[in-house]
Amino acid sequence: MTIKIDVDMSKCQHYGQCVFEAPNIFRLNNDDKLEYVAEADDSERANVEAAIDVCPMQAIFIVEK
Amino acid sequence: MTKPVVIVGASMGGLRAAEALRRFGYAGPITAIGEEPYAPYNRPPLSKEVLAKEVSHEAVAFAQRPATEDVNWILGTRAVSADLEHHTVTDSTGQVHPYSALIIATGLRPKRLQVNNSELAGRHAVRTLDDAIALRAELVPGARVVILGAGFIGCEVAATARKLGCDVTVVAPGIHPIVRPLGVELAREIQRRHEAEGVRFKMKTSVSDLIGETKISAVLLDTGEELACDVFIEAIGSDTNTEWLDGTGLDLSDGVLTDNAMRAVKTNGNVTEDVFAIGDVARFANPLFDGVARRVEHWNIPTDTAKRVGQVLAAKLNEAENWPAVLDETFAPMPSFWSDQFEMHILAFGLLALADEVKLIHGEIEGDCVFGYYRDSKMIGVCGIGLRSTVQGYRAQVGTQS
Ligand SMILES: Cc1cc2nc3c(=O)[nH]c(=O)nc-3n(C[C@H](O)[C@H](O)[C@H](O)COP(=O)(O)OP(=O)(O)OC[C@H]3O[C@@H](n4cnc5c(N)ncnc54)[C@H](O)[C@@H]3O)c2cc1C
Ligand code: SF4
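If you read the protein sequences in the order shown, they are chains A and B. Counting along the first sequence from 1, when you hit position 62 you're at 62 in full-length UniProt numbering, and nothing is skipped either side. Counting along the second sequence from 1, when you hit position 352 you're at 352 in full-length UniProt numbering, and nothing is skipped either side.
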């Protein structure tokens, strides 16, 4: 099982709060911009949900298939 | 019939509490009573981009999760009293709600200026979506906007109003905006950047009266100066929404005092078993810093405290194996704050206001920079303009067990 992760980059302000909750999925690159993995193992779901909670812009979504 | 968990306050804290109860395995009924007519929504955009762009519930609403679809949301209804002995809450329609546990998430409301001409029209505050909608309608190019208060919200609104083409003056008693948490050096720089964008500051003074026939046309400062004014915005701090708990015996001296499991504490020192408080209204000691109970008005606190309650309460109601051992786990959430003003992206961790020493640790004050905040030489906070990765790099160092 995998989950699909989507970040609305028109909303994201690159605060990087998500990075602490799901470090395997989200990171800030050298330009302080968000980079993320769009597909991950289901075991990451809880971390990604925590990242959704802490995203100030509410920009992160799990795309249910 | 099983009594529901009753949550009072249907904002971020209330929503996150319902979600956390489900996540930690509580499957029973949940009722959430909220005074505002809207499903839970995100407040920070109200002083920032939403105010500049489209102000609607849709633009700021929190996504609803399947796990909380069966929560009984009673919106547009206020809790008026609680009876802790009989475990009930009474709402503004007179309905009595028995509870198995009560979660207090009633947050704050803006303090308002008390002056002779208080009843004049044209006064605003920014806490709710309705506040933002009313304010947005008046922020037209050329409007003369006076903002009383130079904290984060005052400064954000100033920047947004300026971007919308308004003529903006900030009036506040401090020496610089946001000086109390940030320290003089960074606060002075923020003022400089605001001024470079055309915001005027009248510091070390306040508003002593409002002038006008039916609507405000000017404000009178303590200095005797009169400022022409079409839109008057008060951003002078907040009061806690706890009047509905008067007479319950809870310690309400500044919000609801709780223990480390977010259980409400009475004035006689007794910890309640089934009453919890979360979010802006909760006052608790954070072992990251010390044993002093404080309210923390940062956005991550409702979520973190709600999770703590979800964990503790689900274990209790489910009579789970980890009950009551879960009470002994240490809860020490890292306060986290951000703010956007013009091109400044401010990010902070910790409790900056506790610092006895503030110093520049990266970059240059005129550009992107990071400041460290120290108490007794220990880092208790970090704050940067830009340089987010650098700020984040310090997060793990912030706060030390007392
Ligand atoms: C304009 C603005 C900008 C902000 N920007 C930032 C930011 O950039 N960064 C940051 O970290 N934080 C920011 N914050 C702070 C953050 O939004 C708050 O910390 C957060 O909203 C607190 O959530 P809460 O659920 O505890 O309380 P609240 O959001 O205040 O919710 C309390 C709810 O309870 C309801 N209520 C009150 N009394 C009763 C009653 N008797 N019965 C029923 N319901 C009741 C209220 O109507 C309200 O809906 C900002 C806040 C505002 C207002
Ligand atoms: S927390 Fe949200 S806004 Fe911040 S970087 Fe992650 S997705 Fe972007």
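No lab work stands behind these hints, which were simulated from the structure alone. Note that CB positions come from ideal geometry on N, CA and C, so glycine has one too. A hint or two may mislead.
[What the hints assert, rightly or not] For each label pair, taking beta carbons as the anchor points, the in silico distance ranges come out as:
| hint | chain 1 | residue 1 | chain 2 | residue 2 | range |
| --- | --- | --- | --- | --- | --- |
| 1 | B | 215 | A | 9 | 53 to 61 Å |
| 2 | A | 46 | B | 214 | 41 to 49 Å |
| 3 | A | 1 | B | 37 | 35 to 43 Å |
| 4 | B | 2 | A | 46 | 22 to 30 Å |
| 5 | A | 46 | B | 325 | 16 to 24 Å |
| 6 | B | 197 | A | 9 | 37 to 45 Å |
| 7 | B | 318 | A | 33 | 38 to 46 Å |
| 8 | B | 249 | A | 9 | 49 to 57 Å |
| 9 | B | 119 | A | 9 | 15 to 23 Å |
| 10 | A | 37 | B | 137 | 40 to 48 Å |
[To be verified] Pulled a few chain A residues facing chain B out of the computed Cβ check, cut under 7 Å:
| hint | residue |
| --- | --- |
| 11 | 2 |
| 12 | 15 |
| 13 | 16 |
| 14 | 21 |
| 15 | 34 |
| 16 | 35 |
| 17 | 56 |
Of the numbered hints stated earlier in the document, which are not met by this structure?
1, 2, 6, 9, 11, 14, 15 and 16
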